[in-house]
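With the hints as a guide, bring the two chains together.
Chains A and B, in that order, give the protein sequences.
Using this note's numbering, read the first sequence as starting at 2 and increasing by one per residue.
Using this note's numbering, read the second sequence as starting at 351 and increasing by one per residue.
The hints are simulated quantities; they were obtained by calculation from the structure and are not laboratory data.
We put the CB at the ideal spot given by N, CA and C, even for glycine.
Take these hints with a grain of salt, some might be off.
Said to hold, decoys possible - Subject to a maximum C-alpha distance of 27 Å in a straight line, what follows is the list of computed BS3-like cross-link-like pairs (lysine-lysine): (1) K180/A with K487/B; (2) K205/A with K494/B; (3) K48/A with K136/A; (4) K241/A with K788/B; (5) K677/B with K183/A; (6) K639/B with K183/A; (7) K615/B with K755/B; (8) K700/B with K94/A; (9) K618/B with K205/A; (10) K13/A with K788/B; (11) K398/B with K183/A; (12) K788/B with K385/B; (13) K241/A with K145/A; (14) K788/B with K48/A; (15) K37/A with K398/B; (16) K755/B with K198/A; (17) K677/B with K788/B; (18) K530/B with K180/A; (19) K603/B with K17/A; (20) K788/B with K40/A; (21) K183/A with K395/B; (22) K37/A with K138/A; (23) K639/B with K93/A; (24) K603/B with K183/A; (25) K94/A with K755/B; (26) K94/A with K677/B; (27) K205/A with K183/A; (28) K36/A with K788/B; (29) K618/B with K93/A; (30) K788/B with K7/A; (31) K615/B with K180/A; (32) K677/B with K198/A; (33) K677/B with K205/A; (34) K180/A with K409/B.
As the list claims (entries may be wrong) - The following label-pair restraints were derived from C-beta to C-beta distances: (35) E163/A with L705/B: 53 to 61 Å; (36) W499/B with E163/A: 51 to 59 Å; (37) F427/B with Q246/A: 54 to 62 Å; (38) A14/A with N785/B: 14 to 22 Å; (39) L620/B with R34/A: 16 to 24 Å; (40) V86/A with K603/B: 22 to 30 Å.
The residues making up each chain are set out below.
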Amino acid sequence: MERPIKTMAEFKAEGKSPEILFWVGCAGSFDDRAKKITKSFASLLQKANIEFAILGQEEGCTGDPAKRAGNEFLFQMQALMNIEVLNSYEIKKIVTACPHCFNTLKNEYPQLGGTYEVLHHTQFLLSLLNEGRIKVKGGIYKGKKITFHDPCYLGRANDVYEAPRELLAQLEVNLLEMKRCKQNGLCCGAGGAQMFKEPEPGIKDINVERTEEALLLNPDIIATGCPFCNTMLTDGLQSKNNNSQIYVKDLAELLNENLS
Amino acid sequence: MDYIQSIIFLLLAFAGIGLFVRNILKIKRNILLGKAENRSDNPSKRWKLVLRIAVGQGKMLARPVAGILHLVVYIGFVIINIELIEIFVDGIWGTHRYFGKILPSPLYNLTTGTVDILSFSVLIAVTLFFIRRNIIKVPRLNSKDLLGWPHMDGNLILIIEFLMMLSLLIMNAADFTLQKKGILYSCGFFPVSNCIFNNVFSTFSVESLYIMQKSAWWFHYLGVLFFLNYLYFSKHLHILFAFPNTYFANLQKQGQLNDLDSVTKEVKLLLDPNADPYQASTEESVPEKFGVSDATDLSWIQLLNAYTCTECGRCTSSCPANLTGKKLSPRKIMMDVRDRIEEIGRNIDKNGNFLDDGKQLLGNYITPEEIWACTTCNACVEACPLLINPLSILIDLRRYLVMEKTAAPSELNSMMSNIENNNAPWQFSQNDRANWTKE
Chain A
2 MERPIKTMAE FKAEGKSPEI LFWVGCAGSF DDRAKKITKS FASLLQKANI
52 EFAILGQEEG CTGDPAKRAG NEFLFQMQAL MNIEVLNSYE IKKIVTACPH
102 CFNTLKNEYP QLGGTYEVLH HTQFLLSLLN EGRIKVKGGI YKGKKITFHD
152 PCYLGRANDV YEAPRELLAQ LEVNLLEMKR CKQNGLCCGA GGAQMFKEPE
202 PGIKDINVER TEEALLLNPD IIATGCPFCN TMLTDGLQSK NNNSQIYVKD
252 LAELLNENLS
Chain B
351 MDYIQSIIFL LLAFAGIGLF VRNILKIKRN ILLGKAENRS DNPSKRWKLV
401 LRIAVGQGKM LARPVAGILH LVVYIGFVII NIELIEIFVD GIWGTHRYFG
451 KILPSPLYNL TTGTVDILSF SVLIAVTLFF IRRNIIKVPR LNSKDLLGWP
501 HMDGNLILII EFLMMLSLLI MNAADFTLQK KGILYSCGFF PVSNCIFNNV
551 FSTFSVESLY IMQKSAWWFH YLGVLFFLNY LYFSKHLHIL FAFPNTYFAN
601 LQKQGQLNDL DSVTKEVKLL LDPNADPYQA STEESVPEKF GVSDATDLSW
651 IQLLNAYTCT ECGRCTSSCP ANLTGKKLSP RKIMMDVRDR IEEIGRNIDK
701 NGNFLDDGKQ LLGNYITPEE IWACTTCNAC VEACPLLINP LSILIDLRRY
751 LVMEKTAAPS ELNSMMSNIE NNNAPWQFSQ NDRANWTKE
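Looking at chain B on its own, in the form it has when it is part of the complex (with noise of 0.2 Å):
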């Protein structure tokens, strides 16, 4: 009977497992459709930025409330799981507490001590969560970028993280109870289920609680294995890639921004007065696409960016156009990124290779009214925890519309041609620029 359980349990750990793997190069994969871009320089600078941003939640408490809740969820999260290693042993060899029973008591009744009261923590903060995105309604929380799936989504996570923890505190306090009335071997030490449950649980028979401890560890070992699987559906990956996105995220000053290699190639043939244009022009076979007008012309850092986002909308919460009214959203940016990544990825999982959907990042999920309306101030990129740039995306899509398509609003064309003409945004002659010296 015992040997029965184990093959389902290792059964089901091998198909979530297997599952997840799946998945996350499936995602590997989209990420890697965007261009080539080299962040390996300064290693040591890197790992201090994963440590300080992501493992130190460094820019977390800029919102002091939700920074706290999210640090109490993350600090949980991180240490729950190490329970996840008895679960495992237990489940594989039809054991109960191994870690009990081998390890010095002390040791043992830390380590659930400390995990019975963490679990209780989260399950407040996700409580508190759930009222701040539903009953308060913090406006971040509840804006048009969310509507449909994204909201839902939200809730869901912390639906499922409340059930796991209510999970863990049953299995622990039935399992006490039942530690005291001699049916199980006495180990471990549970200060919050026990003083939650231990009135009601104490009047329960035997079986019932033997029941109950024995399903709530299995409702929590498959709820490990599905929200592992849900990841993918959702904005909770950031739970994994927060730590690649920190540390290949940009690390020159936020106001530099890049330059576009085949353009410094073309300009220079221009200002060379030596260069032969004819030569030239057979030199380089197909002349390389300015910016970006689909998720595959960016860079795969902007891809890593966009699965990585959990749209917290702190980036549009105090992006200035968005808070004067405009159509601009930088948590939209990166939610339409992603979305149009996927919806690549399908057609290419669909039919081997890429088909034309006639579709395009440009146009079909970002506007130009949107694009034009950024002021390159960087606060999205200053306010965001993870260090995602939506500015480098709006930047791309601006590089297109004017290279290619040269399709900038027009007043924005008079002060580039006043550039070209008059070597000033505006239409003063060169010859006056030191005027101001006779003044």
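Looking at chain A on its own, in the form it has when it is part of the complex (with noise of 0.2 Å):
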């Protein structure tokens, strides 16, 4: 990063808030095509003056794929212990840039003693624009012809479907809308600890499933706000030998890319 990226710890050693709280999650953290989302949205925070930390070594795993996966001990295990982090530092608003994590920190930890703001990137980031605090020069996705998939976990999870969209009619992107998409969205096949296993045995994987019905819009690129999704789409598009130059691209990729 051009720019030092602050922990929690070092804004209190301060004695300073920041304005957010950047929830990174374990793929932006650890997962090396993750992390590139991560870079490009930390990239955007800054070029937009946003004073933003994130927890570094004290976030820990929200618990999404222990709980999904039937282990509700150890989710509530792992949310007690990023809440006790969360609330320690007094934490209002934060921001994600995986569905998963947004998901848990905005609909399951509120029970367990962790209220706060939680925003998806997409979220942020149309308010930031909106707000005029970014602006989109270039134009270089003009009229690209890009698909978005719609993530389970931000969509129907969430009802959270224009922001998405809106960022990149602000990209001024041919938006194509695949047949199952919004509400009817078809997910990537790693949501509910799928990522972490095998499939069961069947036809096909639910990856390439999703991949071929994106590639019938002939997109330049597929568009997508979960490094999860990400994670199965590039999976989908090399099992079909795809030599060609169609790419998948978190939004916080998009527009980075479109603002320097």
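Given below as structure tokens:
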């Protein structure tokens, strides 16, 4: 990163509190592909002059995959530990680039004592654009054929369908919708802890099914807003021996490229 | 003579309605075998949901062809049954078209005319439904979930409805022909039935017309009583349960899974450095079972869901696992739950209380392979026109497998031990979490 990124602990040491906490998530912290999304989003925040912090080593898995795998014990252990950290810093507003973290922090932490304003990065970025804190330049994606894959935990789980599409509209892309989109979007195959296991026997992998649907539109880019969807669809493209110039990109990446 | 008919009419009504009430009470008992769950919050929001989803058919038109046909049958069902009031009055007092005499004729004409037109519309709609099911063979109505009784059930409902509508049309046409011949007093308006049957019926003798009119009337009445009692054995129960089921639906965001309070208690003790572990274990007498292995471990809402399911298969046809050939079918999950709770109910009827039959929902009905194929994407929940939630059942079954049996797939066990040890689902060191900031 061009400029240093501070942790909550550092903010606290200075006696200050940031505007938002950027919840990076495990994929965003460790997965090489997802780290690029993390850096794009952090870079956007820096360009917008947002004072933000991360938890760094104090962040832990939200427990989403454990809960969805049926391990409520482990989920609640994770949740209570994270809530203790978040509450000790008196966090009010969290932004994350992972719909799974977003859903868990937003919907499943309040009953356990952790209530925050939680936003998905596409929602936050849209508000920055609308407030004029960042401006789209260049228009390198103007007119490009882009389809948006709705992450289940952003779309159906939380009814966020428009923020990512409005972002794409501001980039003046040629937005193409897959037949199964929004409320009827098809899962990439990673949710419910499927990311961490082989699928059950069947005739096809779910990510391949979804990738084929996207490819029917002959897009330049498949956009999404979830590190897991990103991995699944990238793998899907590879399984189709895709040597063409089709990429899976996160909205933060598309926007960041347009800003520089 | 007339009062004998009235007595037969009333006896049949008591028997039919009595049997129906008995069956409904049995279902109520079965549903209440489930665990308590409080859904009494937000009554105004819940009533709105009933109006929009059940009364207003709010989600049916997502599939336009089936949605429109269903709307015709639904409106027909609601309005045509107004005619039952007259059937009961005539049946009890031995009158003939009682309301035709006492109501102003424009009103009576409007009612009978609407019923006549709707009867024909429903007749066409159920015929098209039958064609979709058996000739076009719409895939979701012909999957292996429905082999045997469910397939037969689907067709029987359509055949019964067809005959019920046909009997109404014949009754109306015969009645009207008798009116024209001056045998019966003139009342009512029967545009469709008259148009269809006029040419044939006008050649019939008065006597045979009279017999036809009477038999069609009795056939329709017996059909209503039969159908009422058929509901118990059929997916058609949704015509009643759609209303409570939407009222008691989950109002939270679809992404939010429920918490287990029993787990919260234990986890808080675990994390509390001042807790006395020995005291903790004696405090509660019997530790609660975590998750679900049999139908009675489910909540009453989940059991109500199962009885409400129409087996339409919209869930399964949008399930990513099912679409890619996995064994999981959300519709089958709901059918399995209903079959199992019915089996438990019969066991209780026979033995006074439940005698262990060596069976469980998990294993005997639903296999781990199905349970682990779910991506928790909520497509099934979104697709259900009646707000049934198969996902919550799959999660509860997973909870039992993981927390009671430690029977998760091995890769998931590694994922979970990574979370326990490194605070992330992968084997990365917690210390490296912020490395990306330096790259």
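Results of checking the hints against the structure:
1. A hinted pair counts as satisfied when its Cα atoms are at most 27 Å apart, and K180/A with K487/B qualifies at roughly 23 Å.
2. For a cut-off of 27 Å, the pair hint linking K205/A to K494/B stands: about 19 Å separates their Cα positions.
3. Restraint check for K48/A and K136/A: the C-alpha separation of about 10 Å stays at or below 27 Å, so the hint holds.
4. Only pairs whose Cα atoms come within 27 Å are accepted, and K241/A paired with K788/B is rejected, the gap being roughly 35 Å.
5. Between K677/B and K183/A the alpha-carbon distance is near 26 Å, which keeps this suggested pair within the 27 Å criterion.
6. For the suggested pair K639/B and K183/A, the alpha carbons sit about 38 Å apart, so the restraint of at most 27 Å is broken.
7. With a C-alpha separation of about 20 Å, the suggested pair K615/B and K755/B falls inside the 27 Å cut-off, and the hint holds.
8. Only pairs whose Cα atoms come within 27 Å are accepted, and K700/B paired with K94/A is rejected, the gap being roughly 58 Å.
9. Only pairs whose Cα atoms come within 27 Å are accepted, and K618/B paired with K205/A is rejected, the gap being roughly 43 Å.
10. Annotation: proposed proximity of K13/A to K788/B holds, straight-line Cα distance about 21 Å (limit 27 Å).
11. For the hint pairing K398/B with K183/A, the CA-to-CA distance comes to about 24 Å; that is within 27 Å, so the pair holds.
12. The hinted pair formed by K788/B and K385/B fails the criterion: a straight-line CA distance of about 52 Å is larger than 27 Å.
13. Pair hint K241/A plus K145/A holds up; C-alpha atoms about 22 Å apart against a cutoff of 27 Å.
14. Taking the CA atoms of K788/B and K48/A, the gap is near 18 Å; set against the 27 Å cutoff, the hint holds.
15. The suggested pairing of K37/A with K398/B is violated, with an alpha-carbon distance near 45 Å, which exceeds 27 Å.
16. About 19 Å separates the Cα atoms of K755/B and K198/A, which keeps this hinted pair within 27 Å; it holds.
17. Using a Cα cut-off of 27 Å, the hinted pair K677/B and K788/B is violated, with the two alpha carbons roughly 46 Å apart.
18. For the given pair, K530/B sits about 57 Å from K180/A by alpha-carbon distance, which is inconsistent with the 27 Å threshold.
19. Straight-line distance between C-alpha atoms of K603/B and K17/A comes to about 34 Å, which puts the hinted pair past the 27 Å bound.
20. Using a Cα cut-off of 27 Å, the hinted pair K788/B and K40/A holds, with the two alpha carbons roughly 10 Å apart.
21. The straight-line distance between the Cα atoms of K183/A and K395/B is roughly 24 Å, inside the 27 Å bound, and the hint therefore holds.
22. The hinted pair formed by K37/A and K138/A meets the criterion: a straight-line CA distance of about 21 Å does not exceed 27 Å.
23. This hinted pair does not check out: K639/B and K93/A have alpha carbons roughly 36 Å apart, beyond 27 Å.
24. Restraint check: the Cα-Cα separation between K603/B and K183/A comes to about 15 Å, which is no more than 27 Å; the hinted pair holds.
25. Proposed proximity of K94/A and K755/B is contradicted: the alpha carbons are some 39 Å apart, above 27 Å.
26. Taking the CA atoms of K94/A and K677/B, the gap is near 42 Å; set against the 27 Å cutoff, the hint is violated.
27. About 23 Å separates the Cα atoms of K205/A and K183/A, which keeps this hinted pair within 27 Å; it holds.
28. About 12 Å separates the Cα atoms of K36/A and K788/B, which keeps this hinted pair within 27 Å; it holds.
29. Only pairs whose Cα atoms come within 27 Å are accepted, and K618/B paired with K93/A is accepted, the gap being roughly 24 Å.
30. With a C-alpha separation of about 11 Å, the suggested pairing of K788/B with K7/A holds against the 27 Å cut-off.
31. Restraint check for K615/B and K180/A: not satisfied, since their Cα atoms lie roughly 45 Å apart, outside the 27 Å limit.
32. Note on K677/B and K198/A: the hinted pairing holds, with a Cα-Cα distance of about 16 Å set against a maximum of 27 Å.
33. With a CA separation close to 12 Å, the supplied pair K677/B and K205/A stays within the 27 Å bound.
34. Between the alpha carbons of K180/A and K409/B the distance comes to roughly 18 Å, so the proposed pair stays at or under 27 Å and holds.
35. Distance hint for E163/A and L705/B: a CB-CB separation of about 56 Å, consistent with the stated range 53 to 61 Å.
36. For W499/B and E163/A, the Cβ-Cβ distance of about 45 Å falls outside the hinted range of 51 to 59 Å, so the restraint is violated.
37. At roughly 56 Å, the beta-carbon separation of F427/B and Q246/A lies within the given 54 to 62 Å, and the hint holds.
38. The supplied range of 14 to 22 Å is met by A14/A and N785/B, whose beta-carbon atoms lie about 21 Å from each other.
39. Here the CB-CB span from L620/B to R34/A is close to 35 Å, at odds with the stated 16 to 24 Å.
40. In this structure the supplied range 22 to 30 Å holds for V86/A paired with K603/B, their Cβ-Cβ distance being about 24 Å.
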